[in-house]
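Undergrad: If you're matching them up, the sequences are chains A and B in order.
The UniProt record's numbering applies: residue 1 is where the first sequence begins, and numbers increase by one.
The UniProt record's numbering applies: residue 1 is where the second sequence begins, and numbers increase by one.
In case anyone wonders, no lab produced these hints; they're calculated from the structure.
Check the hints yourself; a few may be wrong.
Same chains, same names: a pair is fine if it fits in one copy or spans any two.
When the alpha-carbon atoms are kept at most 30 Å apart in a straight line, the in silico DSS-like pairs for lysine-lysine are as follows [what the hints assert, rightly or not]:
| id | residue 1 | residue 2 |
| --- | --- | --- |
| 1 | LYS220 | LYS265 |
| 2 | LYS332 | LYS165 |
| 3 | LYS69 | LYS332 |
| 4 | LYS38 | LYS220 |
| 5 | LYS38 | LYS165 |
| 6 | LYS165 | LYS265 |
| 7 | LYS265 | LYS38 |
Number of protein chains: 2
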Amino acid sequence: MSSQDERARRQLIDLAAEFYDQFDRGEVPEMTLPTRTKSNIEYDEDSGVWVYGDRTSTRSANSVRGARKLLKATYTIDFLARQLEEGRSSTLRELYYLSESWDSDEAAFSDQDESNQLIEDLEIVSDVTREDFHMRPEESGATLMGPLELREQTRRGEREIHCQKDVGEGGYQIPNNPDTIDFLDHDIEFILCVETGGMRDRLVENGFDTDHDALIVHLKGQPARATRRITKRLHDELDLPVVVFTDGDPWSYRIYGSVAYGSIKSAHLSEYLATPEAEFVGIQPEDIVEYDLPTDPLADSDVNALESELDDPRFTTDYWREQIELQLDIGKKAEQQALASRGLDFVTDEYLPDRLDQMGIL
Amino acid sequence: MSSQDERARRQLIDLAAEFYDQFDRGEVPEMTLPTRTKSNIEYDEDSGVWVYGDRTSTRSANSVRGARKLLKATYTIDFLARQLEEGRSSTLRELYYLSESWDSDEAAFSDQDESNQLIEDLEIVSDVTREDFHMRPEESGATLMGPLELREQTRRGEREIHCQKDVGEGGYQIPNNPDTIDFLDHDIEFILCVETGGMRDRLVENGFDTDHDALIVHLKGQPARATRRITKRLHDELDLPVVVFTDGDPWSYRIYGSVAYGSIKSAHLSEYLATPEAEFVGIQPEDIVEYDLPTDPLADSDVNALESELDDPRFTTDYWREQIELQLDIGKKAEQQALASRGLDFVTDEYLPDRLDQMGIL
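Chain A extracted, bound-state conformation (with noise of 0.2 Å):
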């Protein structure tokens, strides 16, 4: 085993000795973990992310429901520390249909909800992540296509893969573990983070990570937690500045959000996947003037999430107030792929040269 799986299975049967610990004295065993509701989560200026508050919430034995919890716990924890000695791993799914096979049906979860809710639970009390527990998600991560040699460890022993000279047109698949690989070696200025695999391919095309010694890496929507990983590693391990570009409208704003400062629902993993420094490129409501872009109307769901955004912490700086009120006055949002409507090098040749030359980047 790994001295990090070791700590990973460690700091798992510390848990279960925990209940062990709490029997022997005759207590009630129980389980303490922040409160998961939305009013106990805040947005802490320091670090710039999400991260929880004071309240906690107990799991505990003295009810039927919730003495099943916590058996269902010790048995996922007896699960996950078989696998790290085994050096293996699993889906969230699998963990739902394996505890079918347990020997006691009281400890099978009733849906995936309750499996995942409970994984979670574990990252938050163990403080290890769901990756150091070797869960995997159902799908992985996006694509990287730029100046960077790395060494990705794999069960098949180690991987040298430059992300330029040794991948096809498609680039580098992202494991579902980023923290398998190393960074070997680059030349990258600073790494661009992009919504669809349109403009990515786009941007692939025209030479843009070679020109400009970009590392294209591919958002594929709302990106997976080994993307928001990865891309938080390049900028700490490698001082890289990283900037995000998105459509315009309401929806990508909160994935620009989610690299840059977490999620609720993920609050616990701020410190792991966000990166507050992530800066936004665009489509900005203001280009959309400027560039006189093709859109659509806003719909009322995106004047809706645009309001709730003027509300939202993370948006609470004049540059954000100032592009939202703009664009609800303009009543109209635009995707990426629309700088296309003044050609197809306008993109590489114009638009980005010209927001990352104001935001200092090129």
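Following the hints, put chain B in place on chain A, whose structure we already have.
TA: Just chain B now, kept in the frame of chain A:
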């Protein structure tokens, strides 16, 4: 220009020349296409795929609406011919936006359905695929993992990649146009197409590709054209059996159907995309019974889909009738990952070896 690009460009120019000749002869220009309605699509018993029937429709400039359609077609032909000359490519969505920059306002597409439809029309009349027009989809294909060495022609030069030794856990990312790939060498015994990411990762973790010399193709739900195309090429050029492993529900049988027989929507591409020899592994309704898998009840929409499959010529074999009737009878469906209820290795140690043995593959 490659000879393939030159042929595509020639076919497009010929279409435009046809309009020119019609004008020159004093005729109203028109374009004739097979009628693309469900009633004009038939299952061809000989080739085992969907093809168009004999009925045709004519797009004529004898109405303003028809004339505008031909105008858009000529602008699009002009754009595609230039794109091929310049060795460039673009997405369907970029084409839609780009039409706003054309010098005739009348030629701009009113929505993306219109431009997508026109590209399909041009595929049919020119007998050139969208990929050979250098039109990319929004999202690319999925991944390969297995004993295959290939050469991909990228814009940055050739890349030789072994799909086990030169890739990370994520595998080799299939490019948008897999016809840029040459197969160099392989030890593949059979191609295993897998619907879900969770199962794909399970097979890779358990080393199923190395133990059985299988090439694992991730379908990622309903497979992209690139994924179906490379599967067909692997079958045809390397003379390898193809098997498809999906969830056990009517939607997944359609995923199998689209790999094997093509789809009604892309009947003009069946010869390019479909692999009629592909066989279905499971999850079969009889597996649900035999292995006592965890299930969900069939929803009304599942029942309707199963009933319509009983009338679908692709599923009118004794085998499918029996399986579908059994499923309607038990009223249940099961996911691939439900096999985990018998342990994480059950799928690779028992289920797949048994099924592949029954099918004569192993």
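Undergrad: Using 30 Å as the alpha carbon limit, work out where LYS38 and LYS220 are close: within a copy, between copies, both or neither.
TA: Answer is within; shortest intra-copy Cα gap is 27 Å, inter-copy 33 Å.
Undergrad: Between the shortest in-copy and the shortest cross-copy C-alpha distance, which are at most 30 Å for LYS265 and LYS38: within, between, both, or neither?
TA: The answer is within: 9 Å in one copy meets 30 Å, while 45 Å across copies does not.
Undergrad: Go through the copies and call it for LYS332 and LYS165: within, between, both or neither, with a Cα cutoff of 30 Å.
TA: neither (41 Å within a copy, 49 Å between copies)
Undergrad: Measure nothing new, just compare the shortest in-copy and cross-copy C-alpha distances for LYS69 and LYS332 to 30 Å and report within, between, both or neither.
TA: Close across copies (28 Å), not inside one copy (48 Å); limit 30 Å.
Undergrad: Are the CA atoms of LYS220 and LYS265 at most 30 Å apart within a copy, between copies, both, or neither?
TA: Classified as both; 19 Å inside a copy, 26 Å across copies.
Undergrad: Between the shortest in-copy and the shortest cross-copy C-alpha distance, which are at most 30 Å for LYS165 and LYS265: within, between, both, or neither?
TA: neither (38 Å within a copy, 37 Å between copies)
Undergrad: From the Cα coordinates, with 30 Å as the cut-off, is the pair LYS38 and LYS165 best called within, between, both, or neither?
TA: Neither: 45 Å inside a copy, 46 Å across copies.
Going down the numbered hints, you'll see the structure goes against 2, 5, 6, while the others check out.
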